[in-house]
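If you're matching them up, the sequences are chains G, F, A and S in order. Quick note on numbering: the working numbering labels position 359 of the first sequence as 359, and the sequence is numbered without any gaps. Quick note on numbering: the working numbering labels position 378 of the second sequence as 378, and the sequence is numbered without any gaps. Quick note on numbering: the working numbering labels position 341 of the third sequence as 341, and the sequence is numbered without any gaps. Quick note on numbering: the working numbering labels position 78 of the fourth sequence as 78, and the sequence is numbered without any gaps.
Hints in this document: simulated from the structure, not taken from any laboratory. Mixed in with the good hints, there may be bad ones.
To be verified - Under the rule of at most 30 Å between Cα atoms (straight-line distance), these lysine-lysine pairs were calculated in the DSS-like manner:
#: 1; chain 1: G; residue 1: 231; chain 2: S; residue 2: 278
#: 2; chain 1: F; residue 1: 231; chain 2: F; residue 2: 380
#: 3; chain 1: S; residue 1: 350; chain 2: G; residue 2: 36
#: 4; chain 1: F; residue 1: 192; chain 2: F; residue 2: 231
#: 5; chain 1: A; residue 1: 278; chain 2: A; residue 2: 231
#: 6; chain 1: G; residue 1: 108; chain 2: G; residue 2: 222
#: 7; chain 1: A; residue 1: 380; chain 2: S; residue 2: 36
#: 8; chain 1: G; residue 1: 278; chain 2: S; residue 2: 108
#: 9; chain 1: G; residue 1: 108; chain 2: G; residue 2: 231
#: 10; chain 1: F; residue 1: 350; chain 2: G; residue 2: 380
#: 11; chain 1: A; residue 1: 36; chain 2: A; residue 2: 129
#: 12; chain 1: F; residue 1: 36; chain 2: A; residue 2: 350
#: 13; chain 1: F; residue 1: 231; chain 2: A; residue 2: 192
#: 14; chain 1: S; residue 1: 380; chain 2: G; residue 2: 380
#: 15; chain 1: S; residue 1: 278; chain 2: S; residue 2: 108
#: 16; chain 1: G; residue 1: 278; chain 2: S; residue 2: 129
#: 17; chain 1: A; residue 1: 350; chain 2: S; residue 2: 380
#: 18; chain 1: G; residue 1: 189; chain 2: G; residue 2: 175
#: 19; chain 1: S; residue 1: 108; chain 2: G; residue 2: 350
#: 20; chain 1: S; residue 1: 189; chain 2: S; residue 2: 108
#: 21; chain 1: S; residue 1: 36; chain 2: S; residue 2: 129
#: 22; chain 1: F; residue 1: 36; chain 2: F; residue 2: 350
#: 23; chain 1: A; residue 1: 129; chain 2: A; residue 2: 231
#: 24; chain 1: A; residue 1: 380; chain 2: S; residue 2: 350
#: 25; chain 1: S; residue 1: 222; chain 2: G; residue 2: 350
#: 26; chain 1: F; residue 1: 129; chain 2: F; residue 2: 59
#: 27; chain 1: A; residue 1: 231; chain 2: A; residue 2: 189
#: 28; chain 1: A; residue 1: 129; chain 2: A; residue 2: 59
#: 29; chain 1: A; residue 1: 380; chain 2: G; residue 2: 129
#: 30; chain 1: A; residue 1: 231; chain 2: F; residue 2: 380
What the hints assert, rightly or not - Distance windows between CB atoms, simulated:
#: 31; chain 1: F; residue 1: 315; chain 2: A; residue 2: 129; range: 41 to 51 Å
#: 32; chain 1: F; residue 1: 222; chain 2: G; residue 2: 270; range: 44 to 54 Å
#: 33; chain 1: G; residue 1: 178; chain 2: S; residue 2: 268; range: 49 to 59 Å
#: 34; chain 1: A; residue 1: 65; chain 2: S; residue 2: 311; range: 24 to 34 Å
#: 35; chain 1: A; residue 1: 17; chain 2: S; residue 2: 311; range: 21 to 31 Å
#: 36; chain 1: A; residue 1: 129; chain 2: S; residue 2: 28; range: 52 to 62 Å
#: 37; chain 1: F; residue 1: 36; chain 2: A; residue 2: 178; range: 29 to 39 Å
#: 38; chain 1: A; residue 1: 261; chain 2: F; residue 2: 270; range: 35 to 45 Å
#: 39; chain 1: G; residue 1: 38; chain 2: A; residue 2: 261; range: 55 to 65 Å
#: 40; chain 1: F; residue 1: 38; chain 2: A; residue 2: 313; range: 48 to 58 Å
Note that beta-carbon positions come from the ideal geometry of N, C-alpha and C, so glycine has one too.
Protein chains: 4
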Amino acid sequence: MAHVYGIDAAGTALLSDAVARVKAIAERHAADVDAKGRFPEEAVGALAKEGLLGLCVPKEMGGLGQGPGAFAAVGEELATACGSTAMVYVMHVTAAQPIAVSTTLAGKDALLRAIAAGTHLTTLAFSEKGSRSHFWAPVSMLATDGANFTTDAAKSWVTTAAHADSYVSSAQAPKAGSPLESALYLVRKGAKGVRISGPWAGLGLRGNDSAPVALEGLHVAKGDLLTELGKGAPAMLEVVLPWFSIGTAAMAHGLCRAAVAATARHLSEAGFEHTGGKLRDFPGLRARLAEMNVRTELSRSLLGRTIASMGAPAEDTPLLVLQARLAALEAAVDVTDLAMKACGGAAFSKHLPLERVFRDARAGWVMAPTVDHLHDFVGKALTGLPLFG
Amino acid sequence: MAHVYGIDAAGTALLSDAVARVKAIAERHAADVDAKGRFPEEAVGALAKEGLLGLCVPKEMGGLGQGPGAFAAVGEELATACGSTAMVYVMHVTAAQPIAVSTTLAGKDALLRAIAAGTHLTTLAFSEKGSRSHFWAPVSMLATDGANFTTDAAKSWVTTAAHADSYVSSAQAPKAGSPLESALYLVRKGAKGVRISGPWAGLGLRGNDSAPVALEGLHVAKGDLLTELGKGAPAMLEVVLPWFSIGTAAMAHGLCRAAVAATARHLSEAGFEHTGGKLRDFPGLRARLAEMNVRTELSRSLLGRTIASMGAPAEDTPLLVLQARLAALEAAVDVTDLAMKACGGAAFSKHLPLERVFRDARAGWVMAPTVDHLHDFVGKALTGLPLFG
Amino acid sequence: MAHVYGIDAAGTALLSDAVARVKAIAERHAADVDAKGRFPEEAVGALAKEGLLGLCVPKEMGGLGQGPGAFAAVGEELATACGSTAMVYVMHVTAAQPIAVSTTLAGKDALLRAIAAGTHLTTLAFSEKGSRSHFWAPVSMLATDGANFTTDAAKSWVTTAAHADSYVSSAQAPKAGSPLESALYLVRKGAKGVRISGPWAGLGLRGNDSAPVALEGLHVAKGDLLTELGKGAPAMLEVVLPWFSIGTAAMAHGLCRAAVAATARHLSEAGFEHTGGKLRDFPGLRARLAEMNVRTELSRSLLGRTIASMGAPAEDTPLLVLQARLAALEAAVDVTDLAMKACGGAAFSKHLPLERVFRDARAGWVMAPTVDHLHDFVGKALTGLPLFG
Amino acid sequence: MAHVYGIDAAGTALLSDAVARVKAIAERHAADVDAKGRFPEEAVGALAKEGLLGLCVPKEMGGLGQGPGAFAAVGEELATACGSTAMVYVMHVTAAQPIAVSTTLAGKDALLRAIAAGTHLTTLAFSEKGSRSHFWAPVSMLATDGANFTTDAAKSWVTTAAHADSYVSSAQAPKAGSPLESALYLVRKGAKGVRISGPWAGLGLRGNDSAPVALEGLHVAKGDLLTELGKGAPAMLEVVLPWFSIGTAAMAHGLCRAAVAATARHLSEAGFEHTGGKLRDFPGLRARLAEMNVRTELSRSLLGRTIASMGAPAEDTPLLVLQARLAALEAAVDVTDLAMKACGGAAFSKHLPLERVFRDARAGWVMAPTVDHLHDFVGKALTGLPLFG
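Construct the entire structure; sequences and hints are all you get.
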């Protein structure tokens, strides 16, 4: 049976082998990671050890050279076990893309080799306090400082904030006429002027090490630029956005699959002493499970089609990418909601892993581009309006 | 850009050529067909003339030898123009399948050649008054009459009732222990004892020539049997059901696409004299259109995946088939509902073709297996229960 | 059991007596009115004969002196039998309100006595082609002509267009600075320059005699003004809007009640020959019916509370009015949709009256203020924004 | 402005006075109660001190003699501040009802006086492991022991398990022919054989002190019976169920109101640095808030009508009670879901109190009668089927 995301033989082998090993570890610690709101160090360590941090790094840099299909498949599998691990991983692989295609970053090859070797974990730092979820519109600015730059920024949410070795960050270019005239640059761990500026406690994905980060008088060397000045928006929208969308959609599907599996098991096993029946004997519960599965497979099918389209880009590819993320975010929220309703008290009282999945699923809804943004982008595209008007 | 249903070059050429010609004819007459509740004879005539009645008849019988992908693509295209034409066509191609694989029908090759030549239009006659939408459970019975049979039946809904040259019908086999021990047989136009037993007027698909049909003392020759005695259920569930599901899902998608296109056009063009704005300037209307498109493409993606799976059958293929039909029926109802809400008075008052599409879309919901059946089947499959328990 | 709309003993007597007689007549002709798209003259004649056209006309003018509660109760009852009759009636009673409170109309008492006597049927003519559903913003203008006025207008939808004896119409006052500086005036049947300017065919409410009306060089005498110049907007928003909202909400509830009753009857009666069971034995169908009833009673309860609030106005009364209409429009669409899904083929094929109710229910959605307007108004009120900003 | 639950002047005074004081205390500790999963002792202590534990105890026993309207109003107010406090309170007032009407309980007056004095906190212990959410069908049994009884039971969820002074419990009567032939009896704190049999950790209502309770060889004196043998079901369904339904519905409304208020405030205050706009400027967010408010007020209106109907019982009163609970549970889940979607990251990351309310709101869904039960009961009532068939 062909994999819905169209992965090749090497990708298939990864799933049944390296990924399966990481997943077992992630699963073992997921409840503890959630309860304590701690970083999933065991699973992230295993990802590094298994070479999976370099999944989409070119082979010539020591990576596995896989594309979006394998990225989606791995992200989805991880999310069936531990949402926080999947989130950290999706952010890392996504942030590695603008690095991989950068024409301006000094020491790019060494960095990619470190990523492939599992010794460098990266992430994105886009959203800012001033522009909220409009990640494409930084309010922070690079100020010229000789051949280099300095910047101040209040980054509102950075995943893996304390554990990443670098952040892929954004700011307006010097003398930008609008927030869209921006640049991406790399912030290295331990650089002077980088400070985790507050605590963070979320409803879900409690182990993803999110935090607000303050950049204060940060020195940005010319060689730290990931894009040319003024070319940040295309990199954000044409490189980061597709990979982020694919990865987060797949992660959402992993949560859906976890919910479907736990619900199917509960309905098949739990029953009534006074009648001898099982929960699956109630047609309404069966219908709810069916709806969960259909929603999941619909969204996975669209993602599979989107990934295929990225491999042979056509006019509708960008619209497919937006729609794939949109559908997956809605599916995750709806499918886990239905799981809570299907499993009732057993889900609510944590006898099943469902309530964690239910909470984790809400996280996708709040990261930009949000469902509201995506509806708006798609609606504009369909009626001939500019996307950022 | 690859077609979502995975059709080959010959299929692609058909779409841009023969199908496009039929579609133009169907479009021209669709409003009249709906208003008068009359058979779409122009479009069905064109289908015959263009060789499309033989789309899935083997090449050696003079047909085009196409598979489910082309069937879906053609059914969808027709439905964007005229739902009634698409319905008649889907029933014809579906009913031709048990004929094509029959090992018992006398004169099978001649019949297939007639279908390919466009001189024979066929359809299904499964549902009965006594078993309502449980099409897999006929209450009518074949009674032994020497080497042959007679039967009486109250078939509740037969599409193309007055215009078909044959019906593929169902009955319990003689001495059946349950309604599932059935057989399929062919009823030919003009046979003694076949009577259209009542009028029919529906909310939508008003030109699909549906009617209740009474079979009264009908002679069924041994050579009219399409299956062996007792083998009706497998033929219904393994041959007819997949093709019917694919075809009706695709037809639902055609209605969705018509709704998306008409809505996008209306929002882009209609506006306000007192402000100069267009409807597309309202974010709520754009979001509604986006939701319509996402729902449509989700369901098309699942159907594409299902069709691919039918080409390389795996364990989950039957479940994909059921889910593809389920998703498409729900999409058609929801997408056309959103279109009515997005376009308001212009849709309600028939200035746009939307209200016909809205009515046509409800038809899928009432044909078995209905959305309720499908939820139940999928839920049973996922919890390890027998489908007909 | 107290009536949910809080009517008094006289109102209760009306329901069981005069209204019941009219309802029986309306019911008898409803299918024909719908099929032919013709005016429900029998039922409207009966309303006149029974004195119900004067339901809310003051007793001193010969009316029944009832308030919003009785209006809602009668409108709802009529809608259970014939949506078109209810629509004509709701428009009449609503349009009679600005007449009853006018301080400028010449011959007001005689007009009210005619209404009470059942010899004068009135209606609203607000919406215009240029401002679409923004009924509060006429683009037409009154031009000064000595002490009087002339006007030209393209009224887009006028209910009872051919059968009303007068229209309550709107236009901008001479030299208005914005469309909100308007006036209401009375257009009498047969006045020179009044022309039904086009046909109308809708999905539902097919007997409500809606049509676009052109006013061309219409003479408007000073004594035809229903408000002072510039005072149209308050009359529209504070007099017409509450009565229109109450009446159309109640009408929506009548359609809901008809759907609930027909569905309960069908599920209780229809069954399966091969198993002996009834449709009500399916938990999913019962749940759907339950949801229909709950939605109906929720919306009726809010309307009852709103009517009580209108009798002792408080700060939140206007917000209740908007929410009551909003909830009722959504209930009507959702409840009739569920009825179609619960009753399947029997509903779709017109064996039950449900598909007419389903179509009628969509009409509320397209009359301004629409559901979209109402969401926006309520949202603005709750966040401290001006309603027309 | 009349209160939607129809409370009298004494009730109104309570709200602005005693209840307001308790609410302030509950609000202060709500986040801590939730974070630690601890009993809301401060607020429950204040309820006792303010005399509110005796709200619905007859005045002749020292209570406040209020009815269901005041119960609903107080429960709703408490829930706007702290869901766990409201839950404990609703269970207490509900459990006091079968005590108040008991004809068999020894020492009833003293017990009621203690409740009124705030020195006795009671609760329900109905659900059992063996019959899951079918609370009306205990599998535990009273065994005759001379004039008295003994019993064993695995009560699956008891609110206030560790802090209540008594449980109102259920069991099958000796020699019962079905689980419906039951009796209610009182379990006193510290009785031998009562054991909290496990921990409990829920998604929401984390301070409500729920736990499974084992009754092992518990002695039940004849005078501990709250009903005659075999009369448990009528007491559960006609006394407990209405009060429980009213109280939990009102509690759900309190959560809704908290969500509406927090969302309105956030949309009005939060904005964008780079544009100067506020969140309320987005029509989609306003519409979401509007929908939240409409859903809340619809459900409150139905509860108000239900309470009025309980004061003058009619044939439809029991159906109203079931529908009021059903609507409120669905409203709480939907309204808090919309709040999370409207407020995005601010809600998810606990900057607003919304995520606690969101989690608390799911609790109603899992307590019997659940939404699924209620749909089934209402559907059966509407189609003429027995409720427990």
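Sort out whether residue 350 of chain A lies within 30 Å of residue 36 of chain F, counting only the CA atoms. holds, 16 Å
Straight-line alpha-carbon gap residue 380 of chain S to residue 380 of chain G, limit 30 Å: violated, 47 Å
Sort out whether residue 129 of chain S lies within 30 Å of residue 36 of chain S, counting only the CA atoms. holds, 26 Å
Would you check the hint for residue 380 of chain A and residue 129 of chain G, treating anything up to 30 Å between C-alpha atoms as holding? holds, 25 Å
Going straight from one Cα to the other, do residue 129 of chain F and residue 59 of chain F come out at no more than 30 Å? Answer violated: residue 129 of chain F to residue 59 of chain F is near 38 Å, above 30 Å.
Has the given pair, residue 350 of chain A with residue 380 of chain S, been kept, meaning a C-alpha gap of at most 30 Å? holds, 25 Å
Honestly, do residue 315 of chain F and residue 129 of chain A meet the 41 to 51 Å range at C-beta? violated, 59 Å
When you check the alpha-carbon spacing of residue 380 of chain A and residue 36 of chain S, does it fall within 30 Å? violated, 38 Å
Assuming the hint says 49 to 59 Å, is it satisfied by the Cβ distance from residue 178 of chain G to residue 268 of chain S or not? Since residue 178 of chain G and residue 268 of chain S have Cβ atoms about 27 Å apart, the given range 49 to 59 Å is violated.
Starting from residue 36 of chain A, check that the Cα of residue 129 of chain A is at most 30 Å away, please. holds, 26 Å
Pair hint residue 350 of chain F and residue 380 of chain G, alpha-carbon separation not exceeding 30 Å: holds, 25 Å
Supplied distance hint 44 to 54 Å, evaluated on CB atoms of residue 222 of chain F and residue 270 of chain G: At 52 Å between Cβs, range holds.
Hint compliance for this structure: hints 5, 7, 8, 13, 14, 15, 19, 25, 26, 28, 30, 31, 33 and 37 are broken, all remaining hints hold.
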